[in-house]
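In order, the protein sequence lines correspond to chains F and P.
Under our numbering, the first residue of the first sequence is numbered 28, with each subsequent residue one higher.
Under our numbering, the first residue of the second sequence is numbered 1173, with each subsequent residue one higher.
No lab work stands behind these hints, which were simulated from the structure alone.
Backbone N, C-alpha and C define an ideal beta-carbon position, used for all residues, glycine too.
Please note: incorrect hints may appear among the correct ones.
[To be verified] With the Cβ distance kept under 7 Å, some of the chain F side facing chain P (calculated, not the full set): (1) Phe210; (2) Gly399; (3) Asp435.
So you can see what is in the structure, the chains are spelled out below.
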Amino acid sequence: MHRQGRLSVGGSNFVGMTEQEVRWTADRVLALAPDAASRAAGTEAAAAGLWSEAGCSGSGTVWGLCRGGGGAPYRTVVDTADASGPAYTCGCPGRGAPCEHALGLLLLWAGGGGKVPRAEIPRWAAQWVAGRRTGAGEGRTADAAGSPPRAAGGEAARRRAERRAERVTAGAEELERRLTDLFRTGLASAGQAGHGRWEETAARMVDAQAPGLATRVRELGALPGGPVRLLEECALLHLLARGWLRRDLLPEGLAATVRTRVGLPASADGPPVRDHWLVLAQYDTADSRLTTRRIWLYGTGSGRTALLLSYGPAGRAPEIALPVGQALDAELSAYRGGAGPRAALGERFAAPAPTTVRPSGTSTPRAVARYGEALRDDPWLDSVPVTLDRVVPVPDGDGWQLADADGDTALPLSPTARSRPGLWRLVALSGGAPVSVFGECGHQGFTPLAAWPEGPGEAVPLC
Amino acid sequence: MSRTTAAVDTALPGDWEELVTTAVLGTDRRAPAGVGPGRQAAAVLLDAAAAATVRRRAGLRPAPAAERPGPAPEDRRPALPPAAARRLAMLLANRPGASGTGRRGTAPDLMELLPQWLAVANARGFAPPPALLPALLDAARGRTDLRPSALRFAGPRALWLARLNPDWRFALRSAPGGGTSVPARHDTGGMRRLWQEGLFAERVAVLGALRSREPAAARELLASTWATERAEDRLMFLDSLRTGLGPDDEPFLEQALADRSRNVRATAAELLSALPGSALARRMAVRAGACVAVDRTRDTPVIVVEAPHECDAHMERDGVVAKAPAGRGERSWWFGQLAEAAPLGSWSRRLGGRTPREIVALPVADDWRSELHAAWCRAAVRQRDPAWSRALLGEPSAPEAGGPGAVSLAERAKLLGTLGPAERAEWVAGFIETHGLSEAFQLLGVCAVPWAAPLGRAVVDALNIARDAGSYPWSFSGVMGLAERCLDPSEAGRLDALLAVPDEPEDASPGAGGYWSEAFQRLVTTLRLRAAMLAELSPPAP
Chain F
28 MHRQGRLSVG GSNFVGMTEQ EVRWTADRVL ALAPDAASRA AGTEAAAAGL WSEAGCSGSG
88 TVWGLCRGGG GAPYRTVVDT ADASGPAYTC GCPGRGAPCE HALGLLLLWA GGGGKVPRAE
148 IPRWAAQWVA GRRTGAGEGR TADAAGSPPR AAGGEAARRR AERRAERVTA GAEELERRLT
208 DLFRTGLASA GQAGHGRWEE TAARMVDAQA PGLATRVREL GALPGGPVRL LEECALLHLL
268 ARGWLRRDLL PEGLAATVRT RVGLPASADG PPVRDHWLVL AQYDTADSRL TTRRIWLYGT
328 GSGRTALLLS YGPAGRAPEI ALPVGQALDA ELSAYRGGAG PRAALGERFA APAPTTVRPS
388 GTSTPRAVAR YGEALRDDPW LDSVPVTLDR VVPVPDGDGW QLADADGDTA LPLSPTARSR
448 PGLWRLVALS GGAPVSVFGE CGHQGFTPLA AWPEGPGEAV PLC
Chain P
1173 MSRTTAAVDT ALPGDWEELV TTAVLGTDRR APAGVGPGRQ AAAVLLDAAA AATVRRRAGL
1233 RPAPAAERPG PAPEDRRPAL PPAAARRLAM LLANRPGASG TGRRGTAPDL MELLPQWLAV
1293 ANARGFAPPP ALLPALLDAA RGRTDLRPSA LRFAGPRALW LARLNPDWRF ALRSAPGGGT
1353 SVPARHDTGG MRRLWQEGLF AERVAVLGAL RSREPAAARE LLASTWATER AEDRLMFLDS
1413 LRTGLGPDDE PFLEQALADR SRNVRATAAE LLSALPGSAL ARRMAVRAGA CVAVDRTRDT
1473 PVIVVEAPHE CDAHMERDGV VAKAPAGRGE RSWWFGQLAE AAPLGSWSRR LGGRTPREIV
1533 ALPVADDWRS ELHAAWCRAA VRQRDPAWSR ALLGEPSAPE AGGPGAVSLA ERAKLLGTLG
1593 PAERAEWVAG FIETHGLSEA FQLLGVCAVP WAAPLGRAVV DALNIARDAG SYPWSFSGVM
1653 GLAERCLDPS EAGRLDALLA VPDEPEDASP GAGGYWSEAF QRLVTTLRLR AAMLAELSPP
1713 AP
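Next comes chain F alone, as it looks inside the complex (with noise of 0.2 Å):
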């Protein structure tokens, strides 16, 4: 199976067109992986004796067979000449993106020493880099979570909207009168039913085309914390699906959340904003079914920040990936219609930069007052994304807080992040002095995403 997919690149920017003549160095390479796991399993991979008919172009295609796990060799080609970051294709059936083997085969080159000379383009990574070449220019600015539909005569598009609406609204009826009844009877005799109950009720509403009920669903069946989270949560649902049955009493803002929020396709087409967008925080969750990538964007220059939301197979890691405490200078355009700080990435203009730029932070009271005011257009909204300035990371009783370093209040952290090794990465950088924590607030608390030190230093990944 091949794959395609394209890398970010880190390190000094492509200058001119001689840039691709010139080999790279270890670090630059290294930068494009994603992770320290993947950085190790490149390096590995970078053995001389595993490469066979290794090669590069002067118009900057490396290419290369690698021995693999007992069967034919890999096909790895990597063509390092694209100004908005290098890609690649390699006949592995690893996940990575890049593979080891691109970094491997990346790392020989850098390394010098005649493991990769130059030499003719063998006819199978030709093709690739050609096929590959002319396709650019479409395709780029397509969003990896999925454009809206084509509409493809307005009529029938507009048939489908109206039978899909109906399908929806009966599953906001059939959710309606289960909750109802659950609470009829209370939540104490509901007792051990609920999570069959919950998996069965999700199921019927995936049926009903509502895919963001059925998540909500599903996610009451393993809440933590008893009845009142339970009964908070139930609540939040019965108040999406009556917005959904009245959505024609809404303001359009509203109503327009309550669509996303049920989870009718949102489409990307907000004007593009070019900006240098520092990447803030990368992070993967992941269900039984799917691997969710959010990715924080901050606008350098506009100073807004935006969501990049990417998906995958359960198991795998979205192809998209940015390195963290780089900036991007690329086009975003925003999602309409109550999608938050949701943005699609456009074209990209330069590989990712090293940058000093930080986010502009605030206050604990002001980053709960953000998210209190942000349940206004959005009541169902569980965190905002905020940078805290100048907070201390405080040990209090068997969790801990963000106290702010010049007040006396603190934002406690939420139970997402107590558990997470990033917790120990900011309490050791801190050190008892106040850092800048970039992350999500809400009604949980404050989950770390990324922080950096008092004095100039590089973001610091926390998730």
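Given chain F's structure and the hints, the job is docking chain P onto it.
Relative to chain F, chain P alone:
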């Protein structure tokens, strides 16, 4: 309830509690005011709960700040160069089992390079990036052999951190003084107070620190409380006198020979016997000398041994253990202890002015040779005597050096430890040239890293010969692993010729050539990686 739901704690309004109670019991049993039972009542409840939930979330306020931990002590060492910091993150991410493949293939074993990396980083005096401290502490937690160097590199901030996480308590135990700092050199009062009032680990730290700078002051500190210490503490404290041991310590040690505890007595005797000028050493020389003589009546001079017939109270006081282990004759047991504790310098006078080499070459009558030579080996190691070590090691190319001779490989390894690094490497290189690699593992382990050029060449040549002989490389996996970690990285270039898969000789093990090529590739890759590691840790030229 946790503070994360701060609103629930601080502002639980009466009507919200009411709603929760109704939700738990059910609206059929407890209808909200003004509505009849049935579906409508449940919907009213949910409406009210939704409004209350959004209101509560919108009204969240920050919590009061808890008491802040004291700041971490400052780490004054310079920060790691960026490339070295990335390398460290990579080495720490490569935990065992991460790659999950059984056979090692051609990939370097990154975790095995961590000790070397830490040693160089410590030697250059760099401080780690704070964000990597948790990974460093986790690595040190998993591997006790890494702890001293990892904790030294991790520095003061890591101890500060370890106090906040029970998983890292080991760091406080392993660190000198249990994480408390030893009082400064001039703070005599603080030192004395900590010695008198501190915990055991703190007292060991104080004594050790003082001993390394002012041996006499440390001895006097120990003597001031010696009579009141418990036996096992006396033993530990006495052990710290090994550092900076000198003739001045003799009176104190001589007094400890009368200690109530047998282990304390034995340690005192051992320390005294390492001082060739001590009275104990002279007494042992007399006793041992009485047992050994050169018989000149034969055609060639021969050493004859007459082992002692009894172990008297004076011998016992000087640390001789009277009771022999099971299976050993008492008299040879006693003799071994006497010969081991006697100063090596006394033998030349006793045996006709001969040099150590001449003495070792003398035949020994009646099967006493191995007993006598083994005792001399122990003495040469304890007294750190290179001349005797050289004599006992013999020529590396001598036929008996490879087999089980009078001096075992383990003893040879210890003897090598008393020689300088260059001489050690040269001897082991000579050994490998004659005897090959199968017995060399232990000897290679005592050689200084990176291996000196002649030694490296000898190992590579021997591996090459083993390959040509058609055996499988995993018969040499121990030496291969050592070579990956210890060969000088600059040797990598010379190994390129070995990377090709050779034609298999007819009598070779099937497929061996491919495996050898793989093993050599791993060797070369690892050497290149080490060279890169070292370069990254080299501070830029000023």
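- Message: phenylalanine 210/F was flagged as interface toward chain P. Is the shortest Cβ-Cβ separation under 7 Å?
- Response: With a minimum Cβ separation of about 4 Å from chain P (threshold 7 Å), the hint on phenylalanine 210/F holds.
- Query: When the nearest CB of chain P is found for aspartate 435/F, is that gap smaller than 7 Å?
  - Reply: Holds. Min distance 5 Å.
- Close enough to count: is the Cβ of glycine 399/F nearer than 7 Å to one in chain P? holds, 4 Å
Every hint, counting from the list given before, is met by this structure.
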